[in-house]
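Undergrad: Protein chains in written order, with this note's numbering: chain A, 1 to 123; chain B, 1001 to 1362.
Simulated from the structure, these hints should not be mistaken for laboratory data.
Certain hints may be false.
In the BS3-like style, the derived pairs of lysine-lysine whose C-alpha atoms are separated by at most 25 angstroms in a straight line are [as the list claims (entries may be wrong)]: (1) A:Lys-107 - A:Lys-17; (2) B:Lys-1276 - B:Lys-1261; (3) A:Lys-90 - B:Lys-1261; (4) B:Lys-1157 - B:Lys-1217; (5) A:Lys-90 - B:Lys-1362; (6) B:Lys-1017 - B:Lys-1211; (7) B:Lys-1217 - B:Lys-1013; (8) B:Lys-1320 - B:Lys-1354; (9) B:Lys-1211 - A:Lys-93; (10) A:Lys-93 - B:Lys-1168; (11) B:Lys-1362 - B:Lys-1157; (12) A:Lys-93 - B:Lys-1276; (13) B:Lys-1104 - B:Lys-1261; (14) B:Lys-1168 - B:Lys-1261; (15) A:Lys-90 - B:Lys-1321; (16) A:Lys-93 - B:Lys-1013; (17) B:Lys-1321 - B:Lys-1126; (18) B:Lys-1362 - B:Lys-1217; (19) B:Lys-1261 - B:Lys-1065; (20) B:Lys-1359 - B:Lys-1168; (21) B:Lys-1104 - B:Lys-1264.
To list a few chain A residues with every Cβ distance to chain B over 10 angstroms, as calculated [unchecked claim]: (22) Glu-83; (23) Ala-87; (24) Gly-111.
Ideal placement from N, C-alpha and C gives every residue a C-beta, glycine not left out.
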Amino acid sequence: MSIPNDYFFTQTHEWVKFTDKGTALIGISDHAQEEMGDVAFVNLPDIGESFSAGDTLCDIESIKAVSDVYCPVSGNVVAVNDELADAPEKINKTPYDAWLVEIECAKDTAGLMDAAEYEAFLG
Amino acid sequence: MELKTPLYDLHEKSGGKIVPFAGYLLPVQYPTGIIAEHNAVRTAAGLFDVSHMGEIILEGEDALKNLQHLLSNDYLSLEIGFVRYSPMCNDNGGVVDDLIVYRKGEDLYYIVVNAANHEKDAAWIKSKLSGKVLFTDCSDDTAEIALQGPRAKDILKTLCDESLIPVKYYSFTDNVSVGGISCMVSRTGYTGEDGFELYCENNCAAELWEKLLEAGKPFGLIPCGLGSRDTLRLEAAMPLYGHEMTDEITPLETGLGRFVKLDKGDFIGRDALIAKGEPARTRIGLEILDRGIARGGEPVFLGEKQVGFITSGTMAPCLKKSIAMAIVDIAAASEDTALTVETRGKRLCAKAVKLPFYKRSK
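Chain A with its partners taken away, still in its complex shape:
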């Protein structure tokens, strides 16, 4: 699966897509979903919760294990992807469309990798 070139990435395999409305969508990379295996549950935060970059944002339970997802940016949650409650397998099938939360934040890519850097990071 090719890595979308307008996305940014963390070393812990979350992706960030900055929108033009002063928010960022957060998800997990194809590599992360492949490591986890079939996803069974996603425990998303509530709208209005506030996170700093590096905080535990939510957890994802695969059949094998539970994994923490870390927040790549700082800000308040303005939306959560409710679709994932009934269709968690979207994270496996289309990891770059299956956003978890939308966070209000300015576009700040400090500490994040762009697509090319992430590809190199994966080796």
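With chain A fixed as given, assemble chain B onto it according to the hints.
TA: The following block gives chain B in isolation, referenced to the frame of chain A:
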């Protein structure tokens, strides 16, 4: 350094995700994923490499006497060509391992043990043997492939003489030519489905694996990893050593009483089991009602009182429910009891349900 089974190269070639397990490198899943592999076994068929299992032979005129002493089940009535399951207890009534025994000849028994316990079992059995009995560990020479699922027999009969396929569950036929490879074919398994376990020599295993996969393709057969092996056995409520039974959990406490024949005469652990009396705890099924999966070792509560612990848990792919097994106090074990499980700092609501979670229709 982990060992490789004779099928290792084939697993790698077909994209198996390799993990260390019980001292071996084995695929936890193939690119199809655990859910697809699980469902293939429930609806068609799946192929598993279980070559890591240990195989031990006891032979001689005192072989039966030794089995009767080592194992809690009764082997006096086991006929040649049949298989019988048993826990193997320690002196305190806890479990050293659980295993299956094949009677291959008048005084010839073939024992299949868990890979994780293989060394421990071999040492334990050897230390307890007496009389005229010969112990042989043939694990390193033996490969085992499990063909499981409702289409397993249809697949097998394309490769061998149908009349040689064992008919009864827990029976076997030795020296069957399966696609030209000599196998012991056993109607056993660890998935809750009909199926077979095929034992052959290491050097034939890759050829057997490929022939079975090829023959099974039109029937929907796919290779499966350890991940689906675990979800399948859990749905079928089959116990796993180290989870549902340990050296401290007795067979009676984990619902295996029908494999403990206290009236057959003396065996290791019998006195301790009798002295303990009626078990104060038992194994139950849990359906997790909140979103989340309970994992082995997590505490189970009735109100604010801890009444037991989770032994295994998963998302059950067939049932589409989060399920678990637990060992709890008898008082908390009746069906529909409302319980909670503490997982990662939060409580999940659960209710006690009947085991097994899944039973195949015959």
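Undergrad: Need the status of pair Lys-93 (chain A), Lys-1168 (chain B): alpha-carbon distance at most 25 angstroms?
TA: violated, 42 angstroms
Undergrad: Between the alpha carbons of Lys-1017 (chain B) and Lys-1211 (chain B), is the straight-line distance 25 angstroms or under?
TA: With Cα atoms ~22 angstroms apart, Lys-1017 (chain B) and Lys-1211 (chain B) stay inside 25 angstroms; holds.
Undergrad: Measuring Cβ to Cβ, find out whether Gly-111 (chain A) lies farther than 10 angstroms from everything in chain B.
TA: Non-interface label stands for Gly-111 (chain A): nearest chain B Cβ at 27 angstroms, farther than 10 angstroms.
Undergrad: Hey, Lys-1362 (chain B) versus Lys-1157 (chain B), does the alpha-carbon distance stay inside 25 angstroms?
TA: holds, 20 angstroms
Undergrad: CA of Lys-1276 (chain B) to CA of Lys-1261 (chain B), is that 25 angstroms or under?
TA: This hinted pair holds, its Cα atoms lying about 15 angstroms apart.
Undergrad: Holds or violated: Lys-90 (chain A) and Lys-1261 (chain B), Cα atoms, limit 25 angstroms.
TA: violated, 50 angstroms
Undergrad: Does the alpha-carbon distance linking Lys-1362 (chain B) and Lys-1217 (chain B) stay inside the 25 angstroms limit?
TA: holds, 24 angstroms
Undergrad: For Lys-1217 (chain B) and Lys-1013 (chain B), compute the direct alpha-carbon distance and say whether it is at most 25 angstroms.
TA: holds, 17 angstroms
Undergrad: Please verify whether Lys-90 (chain A) and Lys-1321 (chain B) have alpha carbons no more than 25 angstroms apart.
TA: Cα-Cα ~18 angstroms, so holds.
Undergrad: Has the given pair, Lys-1211 (chain B) with Lys-93 (chain A), been kept, meaning a C-alpha gap of at most 25 angstroms?
TA: violated, 31 angstroms
Undergrad: Run the distance test for Lys-93 (chain A) versus Lys-1276 (chain B): straight-line Cα separation, threshold 25 angstroms.
TA: violated, 52 angstroms
Undergrad: Can you confirm whether the C-alpha distance between Lys-1168 (chain B) and Lys-1261 (chain B) stays at or below 25 angstroms?
TA: holds, 23 angstroms
Hint violations for this structure: numbers 3, 5, 9, 10, 12, 17, all remaining hints satisfied.
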